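Student: As they're listed, the protein sequences go chains A and B. Note that the numbering used here numbers the first sequence so that position 166 is 166, with each residue one more than the last. Note that the numbering used here numbers the second sequence so that position 817 is 817, with each residue one more than the last.
In short, the hints are calculated from the structure, not lab data. Don't take each hint at face value.
As the list claims (entries may be wrong) - With the Cβ distance kept under 7 Å, some of the chain B side facing chain A (calculated, not the full set): (1) GLY542; (2) VAL546; (3) ASP635; (4) ALA660; (5) PRO708; (6) LEU710; (7) LYS822; (8) THR919.
Since this is a predicted model, take the numbers as computed values, not measurements. Every residue gets a Cβ at the ideal spot worked out from N, C-alpha and C, and that includes glycine.
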Amino acid sequence: MKNYKIFTAILLLTLFSISCKKDYLERTPGVAISEDDIFADPALAARFADNAYNYVITKYVRFNDHRGCTAQASDEAVSGNSEGSVTSLNRGLYHDHSNGPSLNDIYGVWKLMYAGIAVQNKMLARIGEVPPPPNASVPIFDAKRVEGEMRFLRALSYFELTKRFGGVPIIDKVYAVTDDMNSIPRSSFAQVTEFILKDIEVALTKLGTDADYGASNYGRPTLGAALALKARVLLYAASPINNPNNDKTKWQAAATAAAEVMKGADGLAKQTYALQATYGDLLNLPNSTEYIMMRIKGPTPLAGEMMQDFSMSPGSGGAQGQMNPTQNHVDMYEMANGKAITDPTSGYDPQKPYLNREPRFYNNIIYNDLAWQGRKIEMWTTTDATGKTVYSKDYSTTITYTATRYYCKKYWPEVYRTVGGSTTLLNYLYFRYGEILLNYAEAQNEAVGPDASVYAQLVALRKRAGISQGAGTYGYGLKDNMTQDEMRTVIRHERAIELAFEDHRWYDIMRWKIGAQTIAIPMKGMDVVKNANGSFTYTPIVLSSTFQKSWTEAQNLYPIPRAEIYKSKGALIQNPGWE
Amino acid sequence: MAGMLSVYGQKPDERLTVTGKVVDQDKKPLPGVAISIQEDKTNKAVSTGTDGTFSIEVTSSDVLVFKFVGYGTILKPAAEVIKADIILTRSLVDAGDDDLVYIPFGVRKRREVTATISTIRAEDLPQIPSSSLTNVFTGRLAGLAVYPSGSQQPGYDASSFLVRGRSSYNSNQEPLVLVDGIERDFTSMDLNEIESVSVLKDAATLAWYGMYGGNGVIYVKTRRGSATSTKVSFDAQAGLQAPLQITAPLDAYSYATLYNEASINSGGTTVYNQEALQAYQTGSDPIKYPNNNFVRDFTKRVAPTQRYVASVTGGNAFIKYYTVLSAYQQGGFYKGGNSETYDANTDFSRYNLRTNLDLHVNKNLDVALDIGGRITNLTFPNAGTGAFLTAVYATPANAFPILNPNGSYGGTSVYQQSNPLAMMQSRGASTDLMRNMIATISARQKMDGILKGLSGEVFYAYDIAGLYRSGFAETYATAVLNADGTYSPFGTASKVNYQGNVFSGNVKKSEFWAGLDYNRTFGKHDIKFSTRVSRANLSSFGSLDVRREGWSNRLSYNFIQRYFVDVTANYSGSENFAPGKRYGFFPAASAGWIISDENFMKGSSSFLDLLKIRGSYGLVGNDAIGSARRFAFNDFYSRSTTGYNFGTAFTGATGTGQLALANPDLTWEKAYKTSVGFDARLFKQSLSISADYFYEDRKDLTTASLLPSLLGQNLIYVNEGEAEYKGFETGVNYNKKIGAVNLNVFGNFTYNVSKILAINEGAGLPSYQKQLGHPISSVISPAATATTSAGYISTMLISNGIFQSQAEIDASPKQMLSGAVKPGDIKYVDQNGDGLINDLDRVRTDFNFVPKAFFGFGASVSVKNFDLNFLFQGTSGRSITIQNLVNSGNANNGYLSQFSVDRWTPSNTNAPYPRLLLTDRGNNTANSDFWIRSGDYIRLKNVELGYSLSPAFIKRLKISQLRFYVGGLNLLTFDKLGDLPIDPELPESGYNASYPYMKIYSLGLNLKF
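Okay, chain A solo, but in the shape it has when bound:
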């Protein structure tokens, strides 16, 4: 029997070969890319740099993906279906909000910003290693521009942190897992602001203009964007929350920074910005002279996204209809003649509340009986012949319908409808020229008082809005010879209207410390009854307890996420009131 020997030989040979081939588990890890691969390839390095943009705030309706926004935390609106991420802010349950779904405004933003800062630090640390790209008309990897972008984004990230938390730890280099980061303490607000300004100064030496970058790179930060960021950073630094002694030099610095943007092509921005002629489509343009920096939102599905899930009325095919502006906000819109509705001479008729309001009202708010997408918006109730309540198309007590009898036009432009439309666009504006004018007006008024340059900015905005000029030196409903305090009130009011729903109001309330006057007051809506003759009866009402908001002074700053406090074992000190 020879074959068992052959068999044995084969077996032993197999065992031998297996035992010797040590590298059965040792393999090139597939097609994955290592860090060194990234920075050795200009194309990949450019992508790495572009990825940093995914770590800044890029949309208004961002809580729980697309179901809540800061407008609903402020007095601008309420959440019709009491979305948990919004109500946790409304009730001051910030620690609960912090644990809420992505992208919540406390822990979500904290993590997102530091994740972005890590990317920016790494790109800045290794930018010198990226080999020069082959010759091309548009360079694949523009080291100078990338450095400017990283500095700008890092400044923006730290600003987003300071505006929410005050001083935060400064991470300015690449850390390894093995480094002890738990002992890094918070820097003061002033230190972080100084760090931000330093980054902006560097960015100003690296960045170019929109014209330099070309249309395909529209939306990247430019010199103008860096200056606009600087103006906003300095405005926040001068604001009551960060400037308790009202140091006028801080306001002056903020005014100067805003003025630098306004110099246009003659200034450091090297390009001129101007107000867009039409206020109504500000969030829906591919480009505009008013845009200093914006993120164009690529075609987004209508269904399952913000538009159908959040903004649209169920009567128009919306699923939730939960973006509901408050009566508090609606009442702030003046009449077309520039007078407040509380002014007896304004011509305001409480039973025709939507008649002759200033044009921005019609650009921002969807109200009862508005002609809309080929029909009338119906947010009334009526009593039929047998005495039973009948609900109309766009309103019922179900939580999928509006809680206030308003929807938000800024988030639901008329072009978007379920029939025949499947994708939507809505830009996120980082900076627009209108804000710069308001920043300037606010800072200049605080620094030197209501001089002509302050009035001029308000006039420009109100004129663009379409308010009639009327009488007076300045006109447009602006009282002549206002005191500094009167002017402050007017500017804050103008800001609330002009920048409505653009992610400003909530943080303005925090920096002005006016939550007690704006948040902790009854949130109101409108009751609309359709009468037998077809007319409507309008009665402002206080919304149910579900939609009321609470405020304590601790809310002027968010708490540092509790888990981070725990992890730091004492190195991170919590903000007052949140311990």
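Chain A is fixed; fit chain B onto it per the hints.
Tutor: The following block gives chain B in isolation, referenced to the frame of chain A:
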């Protein structure tokens, strides 16, 4: 070959009468020994007389089989019988022909086993027409918990296994399932493919698998051919399945009344007026005031199932074969729609084919070849099982008329695409065709020429599987009839078309084992040694193939079949870990002592036939470390991330991003397993008892890193966790023949508790929220569906009844979970005494979906032509939550369900559930112990009653057995849920989006030739 032919080929078919005598090893005659002829078609058989003699007519080529209980079976060619007495040797207790225990790449007599292994033979199991085999194994084996863990839709009915207990909080600890030594799916095999199923529970056997055996092994052995007889067997079964529990939807009137109440509670006004309410009651206008019962209209009370199995087994000294072919079909329980092109009702069919061949090539070489295939076909509605069931269960009765007067499908602006009729007949259907092919070839060569007792074996398995989806696609439109007689449409209808076909899930798996065995007895010493090298490779498209490698060794020694020692050791590696940290060594030792054979125990021999004490200790690993990405020891960058948009043309720019940070020190879980137990046989081996105490300490569990977010990155995992479980298990079996009655009673019981010994938690967590020191525990909510996995909850608020008055609310801590708290809302306990109820008052609880104890008991009885067997199975110390059931629904249906009827109202203050609300429901939907219920149950898992026709009668039909039987699965359940109409095992089945859990009544016949 030549030798064999010379034996069998001499004088073919010469008839002769053989006489002889059978004696035992002491030369005493043995009466009653059964003698039959191998491969005989006539089933001729004789027995020895009182003097041990026999006489039988044979042909010269026949082989005689001598069989006697308690003695080793002998096969002898008829030609050789004449020459001398046949000597049958008495077997030791637990060392008979049927006392084989299969261990990895080896076989032992039960007596020799020092490890803890529980085995069930398939022939002892009932035949159930169920798509998943797990249904017949539940409750049968000590130390093995089997529980349904996913959708019960035909073709899915996912089940999970747990061996002994949980010691890892990162996974549910699914054991390795091996079929004939290879990791393969066993739940979709046919029962008739299987010979036995064993659970390997302690380190003594698991160490063989080293890095992969930490969670235990379920070892399935398939049937092989027998050289003693040829048998053809045929089984046919038909059954009916009926949901154990299913939603009982609210009628339109109840719905509208409750909705009004909820609306008023939420600060609104009534929505349905008297006229509407009346119309719902009278049904006067079914278009304007519809009153549907979708559950009644679109689900069947019972659905059919059927199973057919044919098998042929046989062989001779040269070749043995076993072939089985089975077909199984399970119909869905949907009804109501009818499309000419397709049937959208869910439907499942499966075909299993297997042939196991053993070739005795020559006296030194044996070759085995196993080939099998499986085809499954699963049809389901294109709308999706979850979407369809949600529409059926949760659409309000008054939402819309199913059909409008003009024949269009009913819908509303709220329910635009929720019409079940349209989903059944105008939404398309898909079929998933899954094809599996398995093949194993092995060869064993004796090497006595080199060393007596030495043999070598190579073993290679190659499996492929592919999934192919095809079907018909279609969309539908709905419309609502407006007051003015016009219709408003929703959605767009498209004509039926072929669905784009999809291939997915194509995998290839190969595994190779080779090595040597050395088995030899030197007088009183017996040595068995095995060594194997193994390699496995799993390939699927789109990723690098997964590889495994290991060296397994086992040395068994026994002295006079009384003292046993085993040492098992494995050295294996996993690609999941960094080079240099890839390989681990996993040793285990075990010992057994047959104490009953000792002289000092002779006094008890009258009732004690066997008492064996055994114990084992060892280390086993687990390289499946949660959801970490592959090669987590290396830092990687993704090729592209979601684009950020630049430019004015809405073009996205792709980015490259860093993945979670690598942990180069990542290592496997290390399970240190201890097991101590005994096996006993008493009263002439009629009663057998086994019991074990077990303890496992699992170190190096992966747990979250406590790095601050300042790093901007997450570290993938760190190995800083530790947990343990301990408990005991016992199995009892009693066999007795009393007159014409054959009785077998059996039972098993397992108890376990776990404890978390180390875990990275937030340092500042209040003590009542920490997991440390608690058992690994959670309740499941929501349940897994066909497409989503289950959620697990372990921290929750502690409730204190329902607020009955405003005064009580005012006197209690302020509850921050909703805007307003009113009487009828759930009251919670303020854990930290800060006067507020918020997230900080959540408590880590020990409510657990894994039971503290699980058990099964049953019996089989046969009397003359009748036989009956049944099994009760149950759990104790298990919790479920009904939060997701009672609070099911959405804003559209007002969160109303059949449970809403039992809500709190000022006149029903003793209600089990809080008041109804449309908005601001946070207070009453928070996870709390208010919703926890006992998940304990005892269930008549299966029962089977059979009747066999008398042999005298069927002999004339030339068949050897004809048996009719009726049976069932999940027929009776006892639980602690009172009148809550849910299943204690799977609370959400039949509700929300879940397919119901089924009971099955079956009828079958078994035919053997």
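Student: State the violated hints by number, sorted upward, taking the hints as numbered earlier in the document.
Tutor: 1, 2, 4, 7
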